Amino acid sequence: MSTSTSQLPRRTFLAGVAGLGAVGALAACSSGSEAPSSSGGGSTPGQLQGTINGLFMKQAGYSEQHIRQMAAAFKKANPGVTVNMEFVAYEALHDKIVAAAAAGTYDLVFIDVIWPAELASKGLIADISDRIPANWSTDILPGALNSAVYQKKFYGIPWLLDTKYFYFNKAMLSKAGIEPSSVTTWDGVAAAAKTLKSKGIVKYPLMWSWSQAEAVICDWAALTASFGGKLFDDSGQPAFTSGGAVQALEFMRRTLVDGLTNPSSTQSLEDDVVKVVSAGDAAMGLNWTYMFAAANDPKQSKVAGDVVITEVPNGGAGRMSVNGSSALSITATTKNPDAAWAFAKFVSSQKIQEKYVSDSLPIWKASYDSPSVIKSAPEVVPVAKEQLANMVNRPQVVNYNAISQKLQVAVQKALLGEVDPKQAMTTAAGDVEQILKQ
Amino acid sequence: MTVGSSAVSTTPPGRRHRRRNGRAALLFLAPAGLVVFGLVAWPIIRTGWLSFHRVISPLPTVPTESVGLRNFSTALTDPALISAAGRTLYFTLVSTAAELTFGIALGVLMAQRLRFRWLLRAAVLLPWALPTVVNAAMWRYMLNADYGPVNALLTQVGLIDGYRSWLGTPLSALHMIIIADVWKNTSIAAFFVLAGLTVIPRDLIEAAEVDGAGTIRRFFAITLPLLRPVIAVVLVLRTIEAFKVFDIVFVMTRGGPADGTQTVALYAYITAFSNQSFGYGSAVALLIVLVVLVLAMIYIRLLTSSSGPEDR
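Here the protein sequences line up with chains A and B, keeping their order.
Numbers 18 to 455, taken from this note's numbering, label the letters of the first sequence in order.
Numbers 11 to 322, taken from this note's numbering, label the letters of the second sequence in order.
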């Protein structure tokens, strides 16, 4: 019997395949199986060693440049720790956290207020309750705390406190003879928009972030609260099929039909609102805190100095907004929880947050009475002090993303006139109830 | 007759040599085998396993539950998936037909003895050389309702009287994605056709010319029938690629507005990663693979039947 030299002996081949399988199986088993120590203490600052990889958001809040400055200051105090940072758009953040979890790529991740329930229940972020100083619960504003807490346990370090504000161009309003006090209600806003349009000052006075994304839910949730509605009742069941939620949606749709809202709003995110308002192509819009600095920056805005920040207009139930805070979470797969904790604690400290107040307002209650903070952002702080006390949370449930997607589609169908707002909400309620049962 | 003193010495030198060669071959093949296993085999095996389970976390430490065929039965009755499948089919049919039509036209044009033929070929190749994500971001910017150049251009030449929200309604957005896809992928069809044209015997065309056949008649009677194998290849490749469309939609619209541009691949992604339903997402992904396999088999059958018997 002759055997070609290019053929492998069967036993050797099978052994090789088995070896490869074992390597693959071992790789799979080892990924993410190591739970971190979440015990408090550990190394003292300055003695910490190692590298931490952080995932951050690239849009609203602290700028990439300022976060890198914070990291440089941390490195100075902790020379043994190297902080690698990666910045992605908000829209990519959640999926990147999930996709990277099994590989244990990140030690620290930026999480939105709507994610702790999901990420904690699925074991992606660590319970750090025993590290949290007792005074945080009283010294940090409740909105910021919400971004890190699930079932009374801390799954993150509160970092970014934010909510939606109402912005208007005072020069455009003045040109149309509209008093700023008239845009404190949604009826007043609609009337002002009609005047601005009829006088030819701006074609579409209102600009929103109503793209099929979480952004449209934020706007709708803020309006719903100001119209006196709720997205979910106290038992966690859909409450958006009547009352303020439907009224809010009808108001949103009406502004599109009347030509007051820029039609591109249904494909726009928050950055588009900044761009359009900054270009002088809209007079009013809802957005996060960062828009005030961006729209009043002469380097990037044609209307710098004219954009005023104020509370969300009243729809009948008060000047209510939506909580858009965020936290930094230590991942469940980190090998260096002490360094990750130290970095997150450092960047969320009152001293650091007050230094970068132009990017984002501090999470600390005491900061709002600090003369240096008020002096740094005199237009923003007084408004924020009121608005941060009047904001609602979106539901903190495990399947929030799936629920939000159903609502995004329903809201968009109503906005585009495909279905009546009430009908859109009724259909969505059925879908959401199914998801809640899962 | 002598008897060997040890087992080693009794092994024929040829067999030892072959064994050594076998080990060396295995060593050399190991890196490639590892890569193939890690990047191809393992994901397929894992996806198959996931599709029969309820998996709610990417971490292997979180318990899973076996659900049999439930993920597949849910998928087959899921209204959102059925709707996405219909949309994907429409996208596939329209984009593939357009790419083929424009590809044939461009291929024929590039085959002509033009003065700046090299420039034309370079220009046609350019869109295909762009990464899909870059192409999608470029089109999203160009179609932006407020500051995109498409509105500015069309308004200035008087084709539209005001700025339009091209990605603002489901139907319009879907067709804009088709345009962006056709712009990028017509190139590959054109170059396939160009390659096919080079092998058509020149004497056939000349004989038809002598017989008095005009340009159009020559094209439909000789060129197009002889391009059938090439057209079949383009159809196979583009249909499969179009049915799997993901990145261009993800960047341009993320499936919106109102789910009007959501495709099956995007739905599988959102289900798995945004909603962390890895089992159900995997089942949807496997169904997509199944459809693509069926399409591939149909086309390969067409391809072999369109080749002459001498080619089989």
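Hints are not guaranteed to be accurate.
[What the hints assert, rightly or not] Covered stretches of chain B (chain A as the covering partner; in silico rule of three or more C-beta atoms under 8 Å from a C-beta of chain A):
| # | stretch |
| --- | --- |
| 1 | 132-140 |
| 2 | 154-161 |
| 3 | 264-274 |
| 4 | 280-289 |
By construction, these hints were calculated from the structure, which means they are not laboratory data.
Quantities reported herein were computed from a predicted structural model and do not represent experimental measurements.
Note that CB positions come from ideal geometry on N, CA and C, so glycine has one too.
Find the hints from earlier in the document that the structure breaks and name them by number, from lowest to highest.
When the structure is compared with the hints, only number 1 turns out to be violated.
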